[in-house]
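Colleague: These protein sequence lines are chains A and B, in that order.
So for the first sequence, the numbering used here puts the first residue at 32; every next one is plus one.
So for the second sequence, the numbering used here puts the first residue at -7; every next one is plus one.
Take a look, some chain A residues computed to stay more than 12 Å from chain B by CB distance:
1) Val89
2) Thr216
3) Arg231
4) Tyr289
5) Leu328
6) Trp330
Rough simulated footprint, nothing fancy, chain B against chain A, three-plus residues with beta-carbon under 8 Å:
7) 62 to 68
8) 73 to 84
Think of the hints as simulated: they come from the structure by calculation, not from any bench.
Cβ coordinates follow ideal geometry from the N, Cα and C atoms, glycine included.
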Amino acid sequence: MSTAELSAPRDGAPASAGGVALARQARPRNGVLTWLRLLGSELRLMFRRWRNLALLGVLVVLPVILGIGLRISMPHGGGGGGGDGPGASFFAQLAGNGVFLSFLALTILLTLVLPLVMAVVSGDSIAGEAGLGTLRYLLTVPAGRTRLLSVKYVAVVIFGLAACLLVSAVSLIMGAILFPIGPVTLLSGTTVSLADGLLRLLFVTLYVAAGMAALAAIGLAISTLTEHPIGAIAAVLVLAVASEVADNVAQFAVIHPYLPTHFWLSFDSLLRVPVDTTSLLHGLLSFGAYIVIFGSLAWARFTSADVTS
Amino acid sequence: MGTGQVSTAQVSPGPAPAARPGADGGVEAAASPEAAAAAEPTPAIVTAGLTKRFRSGQLAVDGLDMLVPRGSVYGFLGPNGSGKTTTIRMLLGLVYPTQGSHALLGVPMPAGTVQVLPRVGSLVEGPAFYPQLSGWDNLARVDAADRTADPGTAKARISEALERVGLLAAKKKHYRAYSLGMKQRLAIAASLLQPRELIILDEPTNGLDPQGTREVRGLIREIATDGITVLVSSHLLAEVEQICTQVGVMRTGRLVFQGPLEELRARGAARIRVTTTDPTRAAEVLGKLGLADVAAADGDASATLGDQAPEQICRELVYAGVPVAGLDTPRPSLEELFVGLTGEGFDVDG
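So here's chain B without its partners, still in its complex pose (with noise of 0.2 Å):
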């Protein structure tokens, strides 16, 4: 992968204008004193060369150069496999890298753990919780674990958060008896106990159905709104769409592209479909006005449109004696953008 495909750099609110040479330069220049220095926030997620190969030598994760600015909501996009799970396993100092750093809200991980990610919250890979406790006894549990927690306010926070996911109705039953949206839920209410910056969720949606997931959807943009940094990781293009303003997209262990959704977006180029009885001779005509990419096929051709004018390329289409039945110029859909990133379905690579 070229580190041209990589646009860490115009994503960058946080370093310095001088500091953004390129790509790499950018990551770099974001950890440093004098980025931080400066009036605007250090990004939220700053990794370089950040490389993890597994005991067993698989390459999970090579060389990711990630940047989320602060504010954004971040989808974290990649076929199932991808290496997006290890990548915020290594984010939050669960997994270690064998290569490259990575800096959380300005503090470079994994020295800086105990300091950082009382400010983050996080779910990773599903929720877990112990099944004989109830919600509220979990949470409990959870926030006893955090040294930064005032037990006097324990349980005003406990039930807020659970206020905030809807599940202050079930907060005595047992996990165990919890359907799988509540779980969910409840791993999000744990990552709320205390205010955050950032928060980290791992395939929030997985296993759910279209209301839980639309609840979820629902939670993310709120949080949102209050100003904390979210990253979404999903293997669903669909439901990072509708809330994300940055896309990272991952295969293989590396980020095939990084960017405003909108310039994932503006990638697709135009094409134009003419649908005739002739499409041989619709064709040739379209070969001839210089446009690149001309198929054929039963019942259409089609090519891509580049900076020509559709009405022009029609008139050519009739003076040439072909007869248009009808003529579109459609743009790939982000799906269509995606699958060409990450590959097709079957084709698990790594």
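In isolation and in its complexed conformation, chain A is listed as follows (with noise of 0.2 Å):
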């Protein structure tokens, strides 16, 4: 859009008679560089802000507890842990391989931690500003609303992004530290060697990053209704929490392939040998749908509300 929006000036032909001198000082720059401009702000904005740094901190911790944990907990020579699903069987290959600790600190993480992660950043991104006052003063500037709007939601998912791999490189130095480490071996019974596992490993994040860009895409939109960020922010959680639910409910199944939260988990797939790629295209063509259906809907609220905060 903000090559639409760039284009602009030159359509306006009553107005600029007055001012031959104006022209020259809103002529707009580089497109692309100037939108990298605002995301950098924005990022900046957000690393620095002690609450997102407070988040990321909760994400440091966990998986250093988590890999305490089962590391005291663990009996000599062999796995533990009951019940099913993906958890345990990372469950039983940790005593083998210290690179499935970030596996099943990643599972752990995405029930709860991480959407909570998401839906703060999420909630928060039109909401908060609304919330300040400073959304007025940055569409005056102007920052152009579809401008902002998708500066908003790519710092958003960097955010994401930066999440996930901070639970997958400190859970992986944790296990590093507290369990054997080599050759991994896989659910399917496979061995594959060490660099073949942290590449899976990073498959794996980023995996589990365009399930949380999903969500945040949804937190974009509801942030668009609202100039109050808690609301937003608990509005988000409550839908990811709800989702998770509906999904373990059986006579829900009808509709648990549309649930966002339902393909989450099956980057497992990812741990087998032959990679069962349907899952993980039907999980990535599911996210796709959720980013495209719900940023358009914050487009287009965005794009016409009043701002009245």
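The task is to assemble the complex, starting from two chains supplied on their own in separate frames and drawing on the hints.
Modeller: This is the structure in structure tokens:
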């Protein structure tokens, strides 16, 4: 869109008669560079905010506690843990290889903590600026509504990616310290090299970040509806948890594939040989659909709404 | 409100004389290409029938025909809740009008937002910045959002803007630690980051102490001497009176007066007031002389002076045996005129 907005000055025909000198000042600069400058400002604001840093701190502390706890409780010579699902199988593998602490940490944090982090940053994105009143100043600069929205979304997605990478990295380090590390035995029983295992971990992390980007799109849309960031944050979190609950009720099986959280844990197919690409693609398709639909809703709302905050 | 009350036509230096059949016609013509082709500059702000009805059904602004000439300092007056802020939000493209149109610096809005707003500085409904950032960082944030701003000159421009409002010494202080006056000045600094042709200040002295008010007033004067058009809204007449060349007065979403300040002043008809021990007799004489609005009070009698000479009236009074202790011809103060236009204090309509 930013190109469309940039081309606007040409068609203001009746306008700039009074100001020949003015056209010079108001000449738009390179659209991509100015967009990146605003993104840089947004990221600085986001990563320098104490609340957001505290959230990232939680994402560092939890894998550390998880690793230490598992190390202490683990009986010698074998994996434990009951139940089913990918968490249990990761747990079983952990005794043999520290890399699995990363998968385990991602799986556990995906149920509540990572959605909470995304709810906070995405719910706050527009509503926070509206609540502070800074939104009206950004828009009269003018930052451009579509341009601002796109910068906000990309910044939130980057924050989500950073959060997922942080969880993976910290738990990988903890895993390496507390557990043996070496060639990785996958869930399908195949053993691959450590490098292959780490590459798979990277893809798993990116897949989880894609799921978070889908949640962020929902958060962005909700954030355009209100000027109370707390309300938006709570709404996003409630939505994510409700979706996870519905996903666990067998009677709702018919809607399961349409739930935003349904494919979040499908990354375990990356830990098998051969990789089950169908479920991964379904997941990515679902995330893409959520991003397109809620991104459009956010755009439609934000570009047409009166800013009275 | 009759359109006759709104004297847009006389105010306009912009449109060609031929395009001034009346108040409404003048507004139309100003935005037309013909008017723009003329050597005279287009008005800084023109609105035609600008209307905003909120979804709640509340009619906040009702058919506003506003004209702010280039280079003027336009005082936008009206009691709280009269629609000033909604109008300013519409001018800046924050709120979309439900009817009517407007142009800033000759550019139709809101279509021309991206084109024209970089040339317009604004302060809307009080300052708003990130409390955790310093004054400097807050301005850097505003500058980063501006796609016409040159990042290479950002430091110099931020310094200059802070210097201009006297905040350079407090540039590293967190915004949350600023006093209200400093916050207000930071908002003005943000509007001065780029060269502007029009500056819109909504209640810039709201909540300031007398010193702060003086400082802001001085700043506005300084901005205006640079040839920048300034629109400053206020519910305080005294504030506007000292710096403005033009005034627009709003009441319940409508413009009840617009024109040069002197024109508003001239509207106040002078009265004649006789201080006497016999007000009844004095009132009788004034009535016989054909004066309007005769009123007798305790200790004086008064009437609208009209075109009669006060000394003549005095002589008549003395002939009639009225003991004249004093005689004066007071004109209503601007404030009385203002209150006359906008209604008394507690009369919140709408």
